[in-house]
Each structure stands twice: as C-alpha cells, then as structure tokens.
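A.B. asks: Protein sequence lines, in the order shown, are assigned to chains A and B. The numbering of the first sequence is my numbering, which starts it at 1 and goes up by one. The numbering of the second sequence is my numbering, which starts it at 337 and goes up by one.
These are computed hints drawn from the structure, not numbers from a lab. Every residue, glycine too, gets a C-beta built ideally from N, C-alpha and C. There could be a bad hint or two in this list.
Said to hold, decoys possible - Under the rule of at most 25 angstroms between Cα atoms (straight-line distance), these lysine to any residue pairs were calculated in the SDA-like manner:
id: 1; chain 1: B; residue 1: Lys-372; chain 2: A; residue 2: Ile-305
id: 2; chain 1: A; residue 1: Lys-205; chain 2: B; residue 2: Val-490
id: 3; chain 1: B; residue 1: Lys-372; chain 2: A; residue 2: Gly-239
id: 4; chain 1: B; residue 1: Lys-372; chain 2: A; residue 2: Glu-241
id: 5; chain 1: B; residue 1: Lys-372; chain 2: A; residue 2: Gly-297
id: 6; chain 1: B; residue 1: Lys-372; chain 2: A; residue 2: Thr-211
id: 7; chain 1: B; residue 1: Lys-338; chain 2: A; residue 2: Pro-333
id: 8; chain 1: A; residue 1: Lys-36; chain 2: B; residue 2: Val-490
id: 9; chain 1: B; residue 1: Lys-538; chain 2: A; residue 2: Phe-43
Stated by the list, open to error - Examples of chain B residues lying across from chain A (beta carbon under 8 angstroms, computed):
id: 10; residue: Ser-348
id: 11; residue: Met-352
id: 12; residue: Arg-385
id: 13; residue: Phe-388
id: 14; residue: Ser-472
id: 15; residue: Ser-545
id: 16; residue: Gln-571
id: 17; residue: Gly-575
id: 18; residue: Ile-654
What the hints assert, rightly or not - Stretch-level coverage of chain A by chain B, calculated; a stretch enters the list once three of its residues show a Cβ under 8 angstroms from a Cβ in chain B:
id: 19; stretch: 108-122
id: 20; stretch: 135-144
id: 21; stretch: 198-212
id: 22; stretch: 216-230
id: 23; stretch: 238-245
id: 24; stretch: 309-323
Protein chains: 2
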Amino acid sequence: MKEKQILLAHGSGGSMMHALIRDLFLPAFDNPYLRKGNDQALFDTPSGRIAFTTDTYTVQPVIFPGGTIGELAVHGTINDLAVGGARPLGLSVGMILEEGLDMDLLEMIVQRMKQASEEAGVPIVTGDTKVVERGSCDKIFINTSGVGIVPEGVDIDGANARPGDAVIISGSIGDHGVAVMSERRGLQFSTPVVSDTQPLHKLVKRMLSVTKDIHVMRDPTRGGVATTLNEIAGQSRVGIEIEEERLPISDAVMGACDLLGFDPLYLANEGKLIAILPEALADDVLAAMHGLPEGRGACRVGHVIADKPGIVRMKTGIGGTRIINVLSGEILPRIC
Amino acid sequence: MKEKQILLAHGSGGSMMHALIRDLFLPAFDNPYLRKGNDQALFDTPSGRIAFTTDTYTVQPVIFPGGTIGELAVHGTINDLAVGGARPLGLSVGMILEEGLDMDLLEMIVQRMKQASEEAGVPIVTGDTKVVERGSCDKIFINTSGVGIVPEGVDIDGANARPGDAVIISGSIGDHGVAVMSERRGLQFSTPVVSDTQPLHKLVKRMLSVTKDIHVMRDPTRGGVATTLNEIAGQSRVGIEIEEERLPISDAVMGACDLLGFDPLYLANEGKLIAILPEALADDVLAAMHGLPEGRGACRVGHVIADKPGIVRMKTGIGGTRIINVLSGEILPRIC
C-alpha cells in the first residue's frame with residue numbers, strides 16, 4: 001500500500017477504497033466468490049439446512065499471545081457454525097477501521113485472516129469496509145458472519161440436553177482469557193499462556209462421523225464454561241452437575257488465576273467446545289476426538305440430571321457442592 | 337430496562353447481557369429462529385442458490401431526516417441481497433455499543449429495526465452484542481449480514497452488462513446523502529430532504545416476475561450512481577452512456593447540491609437500484625416498477641455501449657459529453 005496509515009478516503013466508496021480492496025483484501029482473501037466483485041456471494045445449495053451466525057470482535061489489544069483479532073474473527077465464527085453441526089461454506093468480513101490506523105498493522109491482521117481462512121478451508125466470500133474518524137473507534141473492529149450447511153439427521157440444539165447425558169469438554173479451559181489479560185496488564189509468567197484460538201469444524205465433523213446423536217454443542221467464549229452450561233441448563237430445563245477435579249485446567253492458567261483473582265470457569269475460550277450426548281456414546285466420541293490435535297485434551301466433566309432444572313452445580317475437590325451462577329458484572333471487557 | 341445507560345457489563349456474556357437480550361432485543365426481534373437461543377440460525381434450504389452479504393453501518397448522526405441507523409441497517413442489507421435477485425431469508429445483527437450509550441436511544445433504534453424487519457417480512461435471526469469503553473466507539477455501530485435464495489434461472493452479475501442494454505434507475509437520486517449532510521451541518525431547507533432508506537426486495541420480485549433476463553442490478557449507496565456505474569463498466573468491460581437530462585433529481589436535492597457544492601451523481605442512496613437489461617424488455621419492466629411506491633419514479637437514464645470499455649460518459653444538458661470518474665477522495669465520511 002502506498003499510504004502508511006488508513007485515511008477517511010479509504011472508506012469513501014471511491015478509488016482509494018477500491019485500491020485498498022484491490023491491493024490488500026482481494027489478494028489476501030482471493031477466491032472465486034470474491035473475485036466476482038458483486039454485493040453478495042452465491043453458493044449452490046447442497047441438501048440439509050442453512051446455518052447462519054454472526055460475531056463482532058473488539059478484542060483489546062489486537063495482538064496477544066497466541067493470536068490476533070484476525071484469526072480470532074475467522075475461528076470464532078467458524079466455531080459458531082461448527083457447534084451447530086454445520087459444515088462452514090463461507091464467511092463475510094465487515095471491518096471498521098479508525099482513521100490513522102497503521103497500514104502495516106492492518107496488513108498483518110489481514111494476512112492472519114488469510115492464513116486462518118486457508119488452513120480452515122473456509123473462504124471469505126463477501127465483505128465491507130468502513131473508516132471512521134480518529135477517536136471514533138479503537139483501531140479496528142471486525143465482524144464476521146458465516147453460512148454453513150447442517151447435514152440431514154443432525155439436530156444439535158441448546159434445548160436437547162437430557163438427564164443421563166454426558167458433558168464433555170474438548171480441552172483445557174481459560175487459556176484465551178488469561179492470554180489476553182496478561183498481555184493487557186503486561187504480566188509475564190514463567191510458562192507463557194497462549195490463546196487457544198483455533199477452528200473446531202474438523203473436530204465436529206469427526207465427532208459426527210461417530211454419531212449424529214449429539215444433543216448439544218456450544219463453544220464457551222465470553223462468560224466461559226460457567227455461563228455456557230447455565231445457558232444450556234436453562235434452555236433444556238435440566239440440571240447439570242460437573243466435577244471440579246475433572247476440569248482440564250493447565251497449571252499456568254491455574255497459577256495466573258490465583259494471582260489475578262479469576263475463576264477459570266468464567267474465562268473465555270476461543271478453541272474449545274462443550275458437547276452433551278448420550279452417556280453410552282461418550283467413550284466412542286471421546287476416542288475420536290483424541291485423534292485430532294484440537295480434541296487431544298477432551299474429557300468428561302459431568303452429566304445432566306433431572307433434578308434442579310436450570311441449575312449448574314459443581315462437586316468440589318473437598319467433597320462439597322457449589323452452585324455455579326452466571327456472573328452479573330463484567331470481569332474482562334473486550335476479551336474477544 | 338432498569339439502567340438508563342449501557343454499561344460495560346452489558347457486553348460481558350453474563351447476566352446483565354442476558355437481561356439486555358431478554359428484555360430488549362428478543363421482544364423486539366421476536367421470531368422462531370431467535371427464540372431458539374442458539375449460536376446460529378437454521379433455515380430449510382429451498383431450491384436455488386444461497387446469497388450471502390454483509391454491511392456495517394456507522395452513519396453519523398444516528399438519527400437523520402427520514403430514518404435512523406436502525407432501519408438503514410435493515411434496509412441496506414436486504415437491498416444487497418435483493419440486487420442479486422435473492423429473496424431474503426433472514427438477517428444477523430452485530431452491535432457495537434459504547435459504554436454510557438443512552439438506553440432510550442438504543443431502545444428507539446431497536447424499535448426502528450423491529451419495524452423495518454416486520455414491514456419487509458425479513459426476520460432478524462441471529463445476533464451478537466459487544467460493549468466497548470467510553471471513547472472507543474461513537475455511540476453505536478451496527479453490522480447486518482443477510483442470507484437469501486436466488487431462484488433458478490436468475491443470473492444477475494456485475495459482469496453481465498451487454499452493449500445495447502438499457503440502464504434504468506428506480507427513482508430520484510441523492511436524497512440520503514443530502515438528508516444526512518443537512519442534519520450534520522444543521523441546515524434547514526424550505527423543502528426538507530429526507531432519506532430514501534427503504535427495502536427493495538419487493539420491487540425486485542416484481543421486476544423478476546416480468547423477466548428473469550435482468551443482466552445487472554446494484555444499489556448505488558456510498559459513492560453514488562457514478563461509482564456504481566463505473567464498477568459495472570469495469571466488471572462487464574463495456575462503456576456506459578447516461579443522459580444528464582434523464583437523471584431523476586428532486587429540486588430540493590439539486591438546490592442543496594448547488595449550495596453545498598456536491599454532485600448528486602456521487603451522493604449515497606439507500607433505497608434505489610440501478611438495473612441493466614435488454615432494451616426490448618425495458619418498457620415492460622418499467623411499467624411493472626411503476627406499480628410499486630418504491631419504483632414509481634423509475635426511468636431509463638442511458639444505455640450500454642461497446643465503445644470505451646470501462647468508461648462512463650454523460651451527455652450533458654448543453655450537448656457536450658463529460659467523463660464520469662470514480663472519486664478518489666472522501667466527500668461524505670460515515671454517510672451510511
């Protein structure tokens with residue numbers, strides 16, 4: 001790019017915006033959909049149902065241990081499709097750029113998005129760019145929306161948890177939250193904690209190849225495992241009981257939480273999923289998950305009960321029981 | 337809402353965010369997709385191709401003559417689907433809210449979105465809300481993405497304009513640009529200019545009921561008619577010739593442009609479309625357009641030529657010819 005900073009004219013709809021799209025976005029995200037240059041992307045319809053989701057990323061800082069806002073935006077929306085059982089077809093990208101944004105930083109973020117999109121095999125098929133005056137946004141905000149196809153016979157829904165079902169987590173929790181907070185506060189740990197940002201659609205595909213009878217899947221992002229389990233308990237009108245000793249938490253995350261006063265159950269994850277499915281299928285699904293890097297740490301953490309609908313309880317290490325509420329306040333603004 | 341202002345905790349993923357969604361967004365946008373409370377909406381697939389589009393709205397001020405950022409966000413994305421020939425299935429809404437945002441203002445904008453969505457018959461099926469600290473955005477930014485279905489046999493593409501085709505505009509141009517600028521500068525005209533924000537999918541449906549052989553459609557938003565025609569001339573490698581005297585421009589818009597030094601060809605429109613189609617079909621399509629309020633002012637403004645590919649020319653009222661370029665700078669930041 002000729003300019004070293006984003007100017008208001010880069011959002012004008014005129015020739016500078018065309019140059020930004022032509023020289024930066026199109027080469028990075030290149031694919032047949034984008035190359036058409038139309039206001040909308042067109043997909044042929046395979047059989048199944050269309051899944052559609054959206055997420056806006058405002059993470060601060062935009063670069064953190066293990067990732068940037070760029071791959072976070074690609075992975076996060078792929079994951080929102082994946083946990084519905086959908087095979088992602090394509091993503092949209094809506095950028096809000098602050099006047100004066102460093103062009104090198106934008107290029108770096110775009111390259112991360114390109115790489116994440118290519119590695120996941122999910123093209124960026126349509127987009128929009130707005131530029132706002134200096135001080136009217138914080139560097140860069142990215143919305144990604146996604147479209148996918150849910151195969152026939154898959155019916156994953158937050159309302160489908162049934163008493164007796166197993167509750168599975170695909171790996172260690174709290175990593176993303178600690179990674180962002182440590183960067184923000186300038187903390188360094190002896191074992192660095194890096195974000196778990198990663199796409200989960202291949203893991204879900206593998207799980208669905210074992211059985212289509214997965215009742216619920218959800219990715220525990222903002223609000224963490226505690227909030228996600230509460231949402232499911234509410235939607236399905238069941239109780240959920242987890243065991244503290246089974247929760248996969250790295251020593252580094254545990255140490256950071258002790259230091260910072262956080263509870264890992266409430267920290268955001270960006271590459272983990274919770275699955276709820278019939279107990280009889282849990283071993284086979286776990287074995288399949290262990291065959292992929294993103295599922296290597298998968299484990300049972302609890303089960304669904306008929307008692308206390310809407311309530312999440314945790315058996316603590318010392319033998320007690322604690323109710324896991326939804327937080328009312330904000331512990332980590334702009335974590336994703 | 338209990339609180340009078342948006343707090344950071346409204347974006348936390350915790351109980352305050354749940355309350356905001358439960359008490360404001362869900363009742364306003366209520367439909368079976370949203371009520372499910374999942375991370376993604378699921379549509380049954382009708383036959384045809386899936387259209388997918390995104391747009392972010394940062395208009396300033398958020399309330400302007402004839403509309404607010406709310407209906408603009410609903411109409412704009414419906415229109416990006418419509419000009420691809422798609423029947424809209426549903427919209428996503430991604431909001432970025434500034435800490436301290438007045439709750440009454442948010443409720444008003446949400447009500448406008450509800451009304452626009454209902455009037456258009458296009459549900460808001462999935463959403464996301466982020467809250468950023470005071471000063472990190474300007475009140476409210478809204479991303480809407482949209483999914484629709486293009487019926488079999490429709491092939492509308494910016495690359496499909498052919499020499500001899502007629503160029504049609506669905507109504508008067510420049511209204512949205514003047515409405516926003518007059519509000520921003522505190523100007524009052526004797527005849528107030530109001531935004532043309534409106535959905536165009538019903539107009540497109542009517543046009544396609546006359547013929548599926550529409551070659552190109554585009555809504556001339558940012559950058560205006562001049563930029564849109566240049567995009568089409570470039571994609572189709574044809575010349576486009578328009579006649580100044582045929583351009584539909586209201587006296588009020590013309591007067592405001594004279595006063596402010598704007599060229600209406602470059603002003604944003606939010607409820608107009610350009611259609612390019614075989615000349616032999618133009619009269620029938622125009623007659624059909626005239627049967628709907630949003631097409632009442634539809635008229636021929638020019639035609640496609642083989643000569644000068646990529647160039648847009650205008651025959652001026654005094655008999656000369658002027659080349660209509662794409663602007664390089666920014667005349668109206670944050671117009672949509």
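A.B. asks: For the pair we were handed, Lys-36 of chain A and Val-490 of chain B, check the Cα-Cα distance against 25 angstroms.
C.D. replies: With Cα atoms ~16 angstroms apart, Lys-36 of chain A and Val-490 of chain B stay inside 25 angstroms; holds.
A.B. asks: What's the verdict on Lys-538 of chain B and Phe-43 of chain A, does the C-alpha distance respect the 25 angstroms limit or exceed it?
C.D. replies: 22 angstroms, holds
A.B. asks: Just to be careful: measuring from the Cβ of Arg-385 of chain B to every Cβ in chain A, is the smallest value less than 8 angstroms?
C.D. replies: 5 angstroms, holds
A.B. asks: At a Cβ distance under 8 angstroms, does chain B reach at least three residues of the stretch 135-144 of chain A?
C.D. replies: Result for this restraint: holds, n = 6.
A.B. asks: Does Pro-333 of chain A lie within 25 angstroms of Lys-338 of chain B when you go C-alpha to C-alpha?
C.D. replies: 21 angstroms, holds
A.B. asks: Does the nearest C-beta of chain A fall within a distance shorter than 8 angstroms of the C-beta of Met-352 of chain B?
C.D. replies: Nearest chain A Cβ about 6 angstroms off; hint holds.
A.B. asks: Report holds or violated for chain B covering the stretch 238-245 of chain A, Cβ cut-off 8 angstroms, minimum 3 residues.
C.D. replies: violated (count 0)
A.B. asks: Report holds or violated for the interface hint on Gln-571 of chain B, using the least CB-CB distance to chain A and a cut-off of 8 angstroms.
C.D. replies: Nearest chain A Cβ about 6 angstroms off; hint holds.
A.B. asks: Does Ser-348 of chain B pass the interface hint, meaning its C-beta sits closer than 8 angstroms to a C-beta of chain A?
C.D. replies: 4 angstroms, holds
A.B. asks: Starting from Lys-372 of chain B, check that the Cα of Ile-305 of chain A is at most 25 angstroms away, please.
C.D. replies: 21 angstroms, holds
A.B. asks: Take the C-alpha atoms of Lys-372 of chain B and Gly-239 of chain A, compute the straight-line distance between them, and say whether it is at most 25 angstroms.
C.D. replies: This hinted pair holds, its Cα atoms lying about 19 angstroms apart.
A.B. asks: Mind checking the CB of Gly-575 of chain B against every CB in chain A and telling me if the closest is under 8 angstroms?
C.D. replies: It is violated, given that the least Cβ distance between Gly-575 of chain B and chain A is near 18 angstroms, above 8 angstroms.
When each numbered hint is compared with the structure, violations occur for hints 2, 5, 15, 17, 18, 19, 21, 23, 24.
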